[in-house]
Amino acid sequence: MSFQFDVGVLAVQGSFAEHMQILSEINCPAMEVRSQKDLEQVKSLIIPGGESTTIGKLVRRFDLIEPILGRASEGMPIWGTCAGLICLAKDLGPSDPPILGLMDIKVQRNAYGRQIDSFETAIELDSTQGDPFHAVFIRAPIIVSIGPNVEVVATIGQNSIVAVEQDQYLATSFHPELTDDPRFHLRFVSKIKG
Amino acid sequence: MTNNGSNETPLPNDASGKDSTGETATWRVKTGLAQMLKGGVIMDVTTAAEAEIAEEAGAVAVMALERVPADIRKEGGVARMSAVEKIEEIQKAVTIPVMAKARIGHFVEAQILDALGIDYIDESEVLTPADDRNHIDKTVFRAPFVCGCRNLGEALRRISEGAAMIRTKGEAGTGDIVEAVRHMRQLWDGIRSLQNMATDELPTAAKELQAPLELLREVKELGRLPVVNFSAGGVATPADAALMMQLGADGVFVGSGIFKSDRPSAVAEAIVKAVTHYQDPIVLAEVSRGLGAAMRGEAVASIPVEEQLAGRGN
Numbered sequence: 006m007s008f009q010f011d012v013g014v015l016a017v018q019g020s021f022a023e024h025m026q027i028l029s030e031i032n033c034p035a036m037e038v039r040s041q042k043d044l045e046q047v048k049s050l051i052i053p054g055g056e057s058t059t060i061g062k063l064v065r066r067f068d069l070i071e072p073i074l075g076r077a078s079e080g081m082p083i084w085g086t087c088a089g090l091i092c093l094a095k096d097l098g099p100s101d102p103p104i105l106g107l108m109d110i111k112v113q114r115n116a117y118g119r120q121i122d123s124f125e126t127a128i129e130l131d132s133t134q135g136d137p138f139h140a141v142f143i144r145a146p147i148i149v150s151i152g153p154n155v156e157v158v159a160t161i162g163q164n165s166i167v168a169v170e171q172d173q174y175l176a177t178s179f180h181p182e183l184t185d186d187p188r189f190h191l192r193f194v195s196k197i198k199g
Numbered sequence: 011m012t013n014n015g016s017n018e019t020p021l022p023n024d025a026s027g028k029d030s031t032g033e034t035a036t037w038r039v040k041t042g043l044a045q046m047l048k049g050g051v052i053m054d055v056t057t058a059a060e061a062e063i064a065e066e067a068g069a070v071a072v073m074a075l076e077r078v079p080a081d082i083r084k085e086g087g088v089a090r091m092s093a094v095e096k097i098e099e100i101q102k103a104v105t106i107p108v109m110a111k112a113r114i115g116h117f118v119e120a121q122i123l124d125a126l127g128i129d130y131i132d133e134s135e136v137l138t139p140a141d142d143r144n145h146i147d148k149t150v151f152r153a154p155f156v157c158g159c160r161n162l163g164e165a166l167r168r169i170s171e172g173a174a175m176i177r178t179k180g181e182a183g184t185g186d187i188v189e190a191v192r193h194m195r196q197l198w199d200g201i202r203s204l205q206n207m208a209t210d211e212l213p214t215a216a217k218e219l220q221a222p223l224e225l226l227r228e229v230k231e232l233g234r235l236p237v238v239n240f241s242a243g244g245v246a247t248p249a250d251a252a253l254m255m256q257l258g259a260d261g262v263f264v265g266s267g268i269f270k271s272d273r274p275s276a277v278a279e280a281i282v283k284a285v286t287h288y289q290d291p292i293v294l295a296e297v298s299r300g301l302g303a304a305m306r307g308e309a310v311a312s313i314p315v316e317e318q319l320a321g322r323g324n
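Here the protein sequences come in this chain order: A and B. Mapped onto our numbering, the consecutive letters of the first sequence carry residue numbers 6 to 199. Mapped onto our numbering, the consecutive letters of the second sequence carry residue numbers 11 to 324.
Treat the hints as calculated values from the structure; they're not laboratory data. For glycine and all other residues, C-beta sits at the position ideal for the given N, C-alpha and C. Honestly, I wouldn't trust all of these hints.
Take a look, some chain A residues computed to stay more than 12 Å from chain B by CB distance [to be verified]: (1) 8; (2) 11; (3) 45; (4) 46; (5) 60; (6) 66; (7) 115; (8) 126; (9) 134; (10) 197.
Simulated pairs of lysine to any residue, SDA-like, Cα-Cα distance not exceeding 25 Å [unchecked claim]: (11) B/102 x A/99; (12) B/102 x A/115; (13) A/198 x A/98; (14) B/84 x B/192; (15) B/102 x A/186; (16) B/230 x A/150; (17) B/230 x A/31; (18) B/217 x B/171; (19) A/196 x A/150; (20) A/42 x B/205; (21) B/102 x B/56; (22) B/230 x B/312; (23) A/42 x B/299; (24) A/42 x B/102; (25) B/102 x A/98; (26) A/196 x A/72; (27) B/102 x B/34; (28) A/198 x A/162; (29) B/96 x A/99; (30) A/42 x B/171; (31) A/198 x A/115; (32) B/102 x A/119; (33) A/42 x A/26; (34) B/230 x A/29; (35) B/230 x A/25; (36) B/230 x B/205; (37) B/230 x B/210; (38) A/196 x A/186; (39) B/102 x A/114; (40) A/42 x B/298.
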């Protein structure tokens with residue numbers, strides 16, 4: 006298969022324009038994805054920040070779940086930021102069925118509280134990634150636990166895991182698309198083959 | 011669920027790390043929530059049951075109100091902040107963000123909403139103004155604010171007072187889209203004029219717009235407002251919502267248009283889909299089917315200017 010664009014940004018709702026902007030700054034060919042037809046044109050997918058409840062309902066309503074899972078099983082890289090992380094998680098707690106369920110992580114939604122508790126802070130990246138990253142957390146989820154095949158990419162202090170990687174998947178509970186530091190975008194783009 | 015509990019690594023993750031290191035209520039955090047709402051629909055609701063319908067339909071947030079604007083318009087009287095119990099009931103009913111309105115200039119209503127942990131405060135012309143000269147100083151609150159505007163000058167005055175999100179006013183409670191269109195066009199006309207101006211013309215433009223020069227410079231460079239801008243006031247159909255998106259809105263507020271229609275959940279869901287696929291007439295045709303009668307509405311041209319809400323605030 007030959008795909009026209011390196012990255013597709015899921016554009017059903019949320020901060021997709023912000024992701025597109027950073028991708029254009031790092032000269033990465035990208036397009037907005039709203040349908041199955043769009044999905045067939047991209048090598049990888051970013052699921053942006055937004056309202057996870059809304060994005061979850063819309064990917065179902067627009068019949069995007071099966072096509073995304075199909076591409077994922079062929080190895081398509083996917084990165085979820087905040088709401089996108091929730092879409093990727095296998096376990097959202099007992100009352101909440103998973104949306105895509107591709108990553109072996111347990112996540113608690115809105116775990117830091119309401120908007121007044123949203124915050125920004127410097128986070129520690131794993132040793133290969135250099136300086137701390139300035140991260141913005143908006144009504145952010147917490148990664149409660151991770152499976153054995155999941156790697157920790159970033160933490161707040163020693164304890165809270167806020168970015169993880171598993172196979173071709175990347176998930177962050179914060180929003181690199183709200184800052185002008187492209188390191189996470191570059192890291193994701195490096196996963197794309199061919 | 012395929013998670014194998016025995017393989018999980020338990021984490022000492024009590025979220026306590028954030029308090030010691032994180033900075034809350036910053037400009038980026040306040041404007042950031044609005045960025046997460048983009049491409050979405052914010053719905054007016056008056057009860058927990060309506061909030062649940064809105065959430066199920068795919069709303070990105072709800073606006074907790076005592077009465078929808080159409081009823082405020084019909085019944086008259088002083089329109090104030092919603093009852094605290096009402097707001098709390100709605101906060102408990104949904105996981106999406108809950109917004110609520112304070113009267114223009116009524117900074118104590120805003121303090122109360124902030125204390126309730128509301129996710130966004132709308133300093134709104136739909137309520138009866140509490141101050142006919144001054145708006146709230148929005149910089150001193152933890153909760154972010156959204157404010158209405160009819161044009162670029164008004165938008166920038168609100169931003170300079172601390173608004174982290176803007177909505178064009180339209181004329182609330184009418185179901186008539188004409189004012190929403192007028193205000194959105196006026197706003198973009200203002201932005202395009204700035205882009206065409208020479209740098210040395212900006213100080214005079216700032217005087218004319220009664221807005222800070224620094225914000226004019228920023229708008230000229232960005233080619234848009236420095237915060238998210240939704241459309242409000244008159245959206246009643248999926249076509250109205252897509253019209254406002256094509257005219258340059260980042261998302262849409264729908265007030266009376268949903269719960270004053272024949273089939274609220276169908277209309278709500280259709281408007282949500284229309285906002286995502288606002289550029290695709292085939293999808294728009296599909297979602298416009300089977301919705302029953304839209305709210306009857308009231309043409310703005312038949313409402314005396316002094317009774318129009320959009321003129322409130324400065």
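To see whether the hints hold, each was checked on the structure:
No beta-carbon of chain B comes within 12 Å of the beta-carbon of residue 8 of chain A; the shortest separation is about 22 Å. At the 12 Å boundary, the C-beta of residue 11 of chain A stays outside the reach of chain B, the nearest C-beta of that chain being 22 Å off. Interface exclusion of residue 45 of chain A from chain B stands, the closest Cβ pair being 17 Å apart, more than 12 Å. With a closest Cβ-Cβ approach of about 16 Å to chain B, residue 46 of chain A is found to remain outside the 12 Å limit, as its non-interface label requires.
At roughly 9 Å, the least C-beta separation between residue 60 of chain A and chain B is not larger than 12 Å, which violates its mark as non-interface. A Cβ of chain B approaches the Cβ of residue 66 of chain A within 12 Å, the least distance being about 7 Å, so the stated non-interface status is violated. Not every C-beta of chain B lies more than 12 Å from that of residue 115 of chain A, the closest at about 6 Å, which undercuts listing it as non-interface. Consistency note on residue 126 of chain A: stated as away from chain B, yet its beta-carbon is not over 12 Å from all of that chain's, at 4 Å minimum.
Non-interface status of residue 134 of chain A relative to chain B is upheld: no Cβ of that chain comes within 12 Å, the nearest being about 18 Å off. The beta carbon of residue 197 of chain A is kept farther than 12 Å from every beta carbon of chain B, the shortest such distance being approximately 25 Å. Distance restraint check for residue 102 of chain B and residue 99 of chain A: the Cα-Cα separation of roughly 18 Å lies within the 25 Å cut-off, and the hinted pair is therefore satisfied. For the hint linking residue 102 of chain B to residue 115 of chain A, the alpha-carbon distance of about 13 Å falls within 25 Å, and the restraint holds.
A C-alpha spacing of about 34 Å is found between residue 198 of chain A and residue 98 of chain A, which places the hinted pair above 25 Å, so the restraint is violated. Taken as a hint, the residue 84 of chain B and residue 192 of chain B pair is honoured in the structure, with Cα atoms around 24 Å apart against an allowance of 25 Å. The hinted pair formed by residue 102 of chain B and residue 186 of chain A fails the criterion: a straight-line CA distance of about 37 Å is larger than 25 Å. As the CA atoms of residue 230 of chain B and residue 150 of chain A are separated by approximately 46 Å, the hinted pair breaks the 25 Å bound.
For the hint linking residue 230 of chain B to residue 31 of chain A, the alpha-carbon distance of about 24 Å falls within 25 Å, and the restraint holds. With a C-alpha separation of about 17 Å, the suggested pair residue 217 of chain B and residue 171 of chain B falls inside the 25 Å cut-off, and the hint holds. Distance check on the hinted pair: residue 196 of chain A and residue 150 of chain A sit about 24 Å apart at the alpha-carbon level, within 25 Å; holds. A threshold of 25 Å between alpha carbons decides the hint, and for residue 42 of chain A with residue 205 of chain B the separation of about 36 Å lies outside it, so the pair is violated.
At most 25 Å may separate the alpha-carbon atoms for a hinted pair to count; residue 102 of chain B and residue 56 of chain B meet this at roughly 14 Å. Restraint check for residue 230 of chain B and residue 312 of chain B: the C-alpha separation of about 37 Å exceeds 25 Å, so the hint is violated. For a cut-off of 25 Å, the pair hint linking residue 42 of chain A to residue 299 of chain B stands: about 23 Å separates their Cα positions. Restraint check: the Cα-Cα separation between residue 42 of chain A and residue 102 of chain B comes to about 39 Å, which exceeds 25 Å; the hinted pair is violated.
Straight-line distance between C-alpha atoms of residue 102 of chain B and residue 98 of chain A comes to about 18 Å, which keeps the hinted pair within the 25 Å bound. Proposed proximity of residue 196 of chain A and residue 72 of chain A is supported: the alpha carbons are some 20 Å apart, at most 25 Å. Distance check on the hinted pair: residue 102 of chain B and residue 34 of chain B sit about 23 Å apart at the alpha-carbon level, within 25 Å; holds. Between residue 198 of chain A and residue 162 of chain A the alpha-carbon distance is near 33 Å, which puts this suggested pair outside the 25 Å criterion.
For the hint linking residue 96 of chain B to residue 99 of chain A, the alpha-carbon distance of about 28 Å lies beyond 25 Å, and the restraint is violated. Between the alpha carbons of residue 42 of chain A and residue 171 of chain B the distance comes to roughly 44 Å, so the proposed pair goes past 25 Å and is violated. Between the alpha carbons of residue 198 of chain A and residue 115 of chain A the distance comes to roughly 34 Å, so the proposed pair goes past 25 Å and is violated. A C-alpha spacing of about 12 Å is found between residue 102 of chain B and residue 119 of chain A, which places the hinted pair at or below 25 Å, so the restraint holds.
Straight-line distance between C-alpha atoms of residue 42 of chain A and residue 26 of chain A comes to about 22 Å, which keeps the hinted pair within the 25 Å bound. Pair hint residue 230 of chain B plus residue 29 of chain A holds up; C-alpha atoms about 21 Å apart against a cutoff of 25 Å. Among the hinted pairs, residue 230 of chain B with residue 25 of chain A is consistent with the structure: their alpha-carbon atoms are about 21 Å apart, no more than 25 Å. At most 25 Å may separate the alpha-carbon atoms for a hinted pair to count; residue 230 of chain B and residue 205 of chain B meet this at roughly 5 Å.
Simply put, residue 230 of chain B and residue 210 of chain B have alpha-carbon atoms about 12 Å apart, close enough for the 25 Å limit, and the pair holds. Taken as a hint, the residue 196 of chain A and residue 186 of chain A pair is honoured in the structure, with Cα atoms around 18 Å apart against an allowance of 25 Å. At most 25 Å may separate the alpha-carbon atoms for a hinted pair to count; residue 102 of chain B and residue 114 of chain A meet this at roughly 15 Å. As the CA atoms of residue 42 of chain A and residue 298 of chain B are separated by approximately 22 Å, the hinted pair is consistent with the 25 Å bound.
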